[in-house]
Amino acid sequence: MVLSTPNAEQMYEPQPAPAGSGLRLLIADDNRDAAESLALLMQLDGHVVHIANDGPQALTMAGALLPDVSILDIGMPGMDGNAVARHIREAMPGHRMLLVAVTGRSNDLDRARARDAGFDQYFTKPVALGTLMSCILRWREEGGSPSPLVRA
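Heads up: the sequence shown begins at 1 in UniProt numbering, then just goes up one per residue.
No wet-lab data here; the hints were simulated from the structure. Treat the hints loosely; a few may be bogus.
[Claimed, not checked] In the DMTMM-like style, the derived pairs of lysine to aspartate or glutamate whose C-alpha atoms are separated by at most 25 Å in a straight line are:
#: 1; residue 1: K125; residue 2: D108
#: 2; residue 1: K125; residue 2: E36
#: 3; residue 1: K125; residue 2: D54
#: 4; residue 1: K125; residue 2: D30
[Unchecked claim] Simulated restraints, written as ranges between beta carbons of each label pair:
#: 5; residue 1: T60; residue 2: N107; range: 19 to 25 Å
#: 6; residue 1: A91; residue 2: R138; range: 31 to 37 Å
#: 7; residue 1: D33; residue 2: A91; range: 17 to 23 Å
#: 8; residue 1: A64; residue 2: R140; range: 28 to 34 Å
#: 9; residue 1: P93; residue 2: Q43; range: 18 to 24 Å
#: 10; residue 1: T60; residue 2: G144; range: 29 to 35 Å
#: 11; residue 1: P56; residue 2: P93; range: 19 to 25 Å
No residue lacks a Cβ here, since even glycine has one placed at the ideal position from N, Cα and C.
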């Protein structure tokens, strides 16, 4: 996962969250530095963040934590992000969760595979932090109902 330097439209200033208002996030990426960096930024925004570094660990943690938002790298070892998303959707059909795919792949076939796996959003690396945060905020404001798969 790579965070890009945002341009003016993508700037995001963390806002202090009221007590108890943060979301439970799961970030899964085999790039430990990228996962930890994103986790720190999300924590500044008031969220409680857990990190997994491979697909099987992400799946286990999702089942135990029941996160509000899972940000999954597609190209993880052991089990790719699409397989993790598919298993999450099958194992937790009634659980309200935003599933966000993050990948270096940007072709239509990969987007279709992510949509079929159950992802709500699809972002190509490098991900602009402001865009990602806006996606999560919009999902939360809409009552947690996933929006159609978007291109970013």
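Do the hints match the structure? See the list:
For the suggested pair K125 and D108, the alpha carbons sit about 15 Å apart, so the restraint of at most 25 Å is met. Note on K125 and E36: the hinted pairing holds, with a Cα-Cα distance of about 16 Å set against a maximum of 25 Å. Taking the CA atoms of K125 and D54, the gap is about 18 Å. The hint holds against a cut of 25 Å. For the hint linking K125 to D30, the alpha-carbon distance of about 14 Å falls within 25 Å, and the restraint holds.
As the Cβ distance of T60 to N107 is approximately 30 Å, the hint placing it in 19 to 25 Å is violated. Distance hint for A91 and R138: a CB-CB separation of about 26 Å, inconsistent with the stated range 31 to 37 Å. A beta carbon spacing of about 29 Å between D33 and A91 contradicts the range 17 to 23 Å that was offered as a hint. Between A64 and R140 the beta carbon distance is about 22 Å. The supplied range of 28 to 34 Å is therefore violated.
At roughly 29 Å, the beta-carbon separation of P93 and Q43 lies outside the given 18 to 24 Å, and the hint is violated. Taking 29 to 35 Å as the suggested C-beta distance range, the pair T60 and G144 does not conform, at roughly 23 Å. Our hint of 19 to 25 Å for P56 and P93 holds, since their Cβ atoms are close to 21 Å apart.
Consistency with the previously given hints fails for numbers 5, 6, 7, 8, 9 and 10, ordered from lowest to highest.
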